[in-house]
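In order, the protein sequence lines correspond to chains A, B, C and D.
Heads up, the first sequence is in my numbering, so the first residue is 415 and it goes up one at a time.
Heads up, the second sequence is in my numbering, so the first residue is 415 and it goes up one at a time.
Heads up, the third sequence is in my numbering, so the first residue is 415 and it goes up one at a time.
Heads up, the fourth sequence is in my numbering, so the first residue is 415 and it goes up one at a time.
Some hints here could point you the wrong way.
Cβ-Cβ distance ranges computed for the label pairs, FRET-style [what the hints assert, rightly or not]:
#, chain 1, residue 1, chain 2, residue 2, range
1, C, Asp433, B, Ile431, 45 to 55 angstroms
2, C, Gly451, B, Ile431, 45 to 55 angstroms
3, A, Gly571, B, Ala548, 26 to 36 angstroms
4, B, Ile431, D, Trp419, 41 to 51 angstroms
5, B, Val554, D, Ile431, 52 to 62 angstroms
Hints were generated in silico from the structure; no laboratory data involved.
For every residue, glycine included, the Cβ atom is placed at its ideal position computed from N, Cα and C.
Spelled out, the chains give:
There are 4 protein chains.
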Amino acid sequence: MSERWPPLRIAVAGAGICDDELMALARDVGHAVAEAGAILLCGGLGGVMEGAARGAADAGGVTIGFLPGSDPRHANQFIQIPLPTGLGEGRNVLVARTADALIAIGGEWGTLSEVAFARKVGVPVVLLRPHRTADLGLPVARTGDEAVRRAIELAAGGA
Amino acid sequence: MSERWPPLRIAVAGAGICDDELMALARDVGHAVAEAGAILLCGGLGGVMEGAARGAADAGGVTIGFLPGSDPRHANQFIQIPLPTGLGEGRNVLVARTADALIAIGGEWGTLSEVAFARKVGVPVVLLRPHRTADLGLPVARTGDEAVRRAIELAAGGA
Amino acid sequence: MSERWPPLRIAVAGAGICDDELMALARDVGHAVAEAGAILLCGGLGGVMEGAARGAADAGGVTIGFLPGSDPRHANQFIQIPLPTGLGEGRNVLVARTADALIAIGGEWGTLSEVAFARKVGVPVVLLRPHRTADLGLPVARTGDEAVRRAIELAAGGA
Amino acid sequence: MSERWPPLRIAVAGAGICDDELMALARDVGHAVAEAGAILLCGGLGGVMEGAARGAADAGGVTIGFLPGSDPRHANQFIQIPLPTGLGEGRNVLVARTADALIAIGGEWGTLSEVAFARKVGVPVVLLRPHRTADLGLPVARTGDEAVRRAIELAAGGA
């Protein structure tokens, strides 16, 4: 666990089904989150969420998944701490709100809801491969490393 | 109350502070919602929310406000049934989820979070004066009447 | 709608399956809530919730149901305004929090969660046929009329 | 982190202000949770929540706090992973729902709401020094070690 208190928490938002390119980016992001000593938060399911959790777990990081349902075993296998909220898609609010910064990879409706909610409550957002989120005036990174670096900078500035 | 059961519920999303043009549009929307025999749902505060509630109340409709705080008196005066949720901005999920269709007027981050969440859970959305929401591929109406007509059509199709 | 603003909102909590005695009490409570010009809030499903909604609707009142799921048609037929929250049992928080007072009839675990949550956030509670709730030091009424009368008194004092 | 997947998560509920006896019990419980390789969940504030987090942290465990507000620095200093939900007291639902078992120490209204909600959704509960919770027919432990042992047994049986 990081020596900073409270430890940095970086959320990753993205679709539950994704192509190989987004999956690879998600793994890069998760890896960089763990390398930075930050905790990874996500929605706990497949696709981008699984890629990010896998990357973080591979790098020895801590991964937390806010699940929509009430069965912890529905988390992907790289989630070390599943939190089965039972709130359905309402759990998106927790992904967006409880982090110091949010990285959105790709972006279908669920991802966009997390991005917009994060901005509403003052949580900084960085985009990777924006989709539906392209014209929002938010910072766009080109690599997973860059996304995490900028997210951490924005989190520091925001606190 | 409408003879249809369950009665149609149309949500209106928009910023808590807005200019005269958006306020007038919001009143038009609220008026048309009530004329159609539908119930108006919103976030219960000022700006677009107040305009829509005023329009609906003027036309004899029922208005419900999901408030972020726990004091019902923080609702605008045109809210007939304030619901003080105590969930903070998390109440946006309720505005977007509990309606048959959502009309977004203008659109800052909170509005966008409601639009995206509504689409995520399958609630149809119509936009008026889109802002941040312009490139989402969602139907855009030009007048309050048109917005309500299209919202009702989409709600019927979606059920 | 009541001329008081905001209008009094009385929530009724109770099990989704209940015997004839509790059902009759629930109808009495709903009837008295409507007679008092108050809005009835409940969880929108069967048993006590249905009895209370039926009593209120029979007396010309307004009935609102916070549903755990996302389909408004899962509400009992006496709910005039179904609010499909999609929050699962988490919707109990809304039943307990958004009312001016809560009347608990009988009381299994869900009911007890609403009673305790209401007290935690300062919403007054009146019990009818207490079960699991008997030793909590809360006021107990003997009839539906008495329960509503005391709930309204406590709501007035609490505001 | 435990080798079991998903790792056992034990929640501790209790008042934000408590006497020395409950504080000592809370530390015992937290210590035993960590010794068992389980993760400690709680509401993240003072009193019983702080005692439990301190006991778990002292024993090298992982501690998570679901905060009512949106500032992670409002967590007690023994919370390693603060989750600022912004849901107000509504966050009680998360404490009760996301764990494999819940241990309630003492018990004012907030604690009772968590106990009842946990039972509603099928999460097993063990009581220590029951208060308001004494007559609920729930298992009562006499020491922190016993409470954790029984909670783990019930969690295993419940899954």
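How the hints compare with the structure:
For Asp433 (chain C) and Ile431 (chain B), the Cβ-Cβ distance of about 52 angstroms falls inside the hinted range of 45 to 55 angstroms, so the restraint holds. Separated by about 34 angstroms at the C-beta atoms, Gly451 (chain C) and Ile431 (chain B) break the suggested range of 45 to 55 angstroms. For the hinted restraint 26 to 36 angstroms between Gly571 (chain A) and Ala548 (chain B), the CB-CB distance of approximately 28 angstroms keeps it satisfied. Evaluation of the 41 to 51 angstroms hint for Ile431 (chain B) and Trp419 (chain D) yields a pass: the beta carbon distance comes to about 48 angstroms.
Taking 52 to 62 angstroms as the suggested C-beta distance range, the pair Val554 (chain B) and Ile431 (chain D) conforms, at roughly 54 angstroms.
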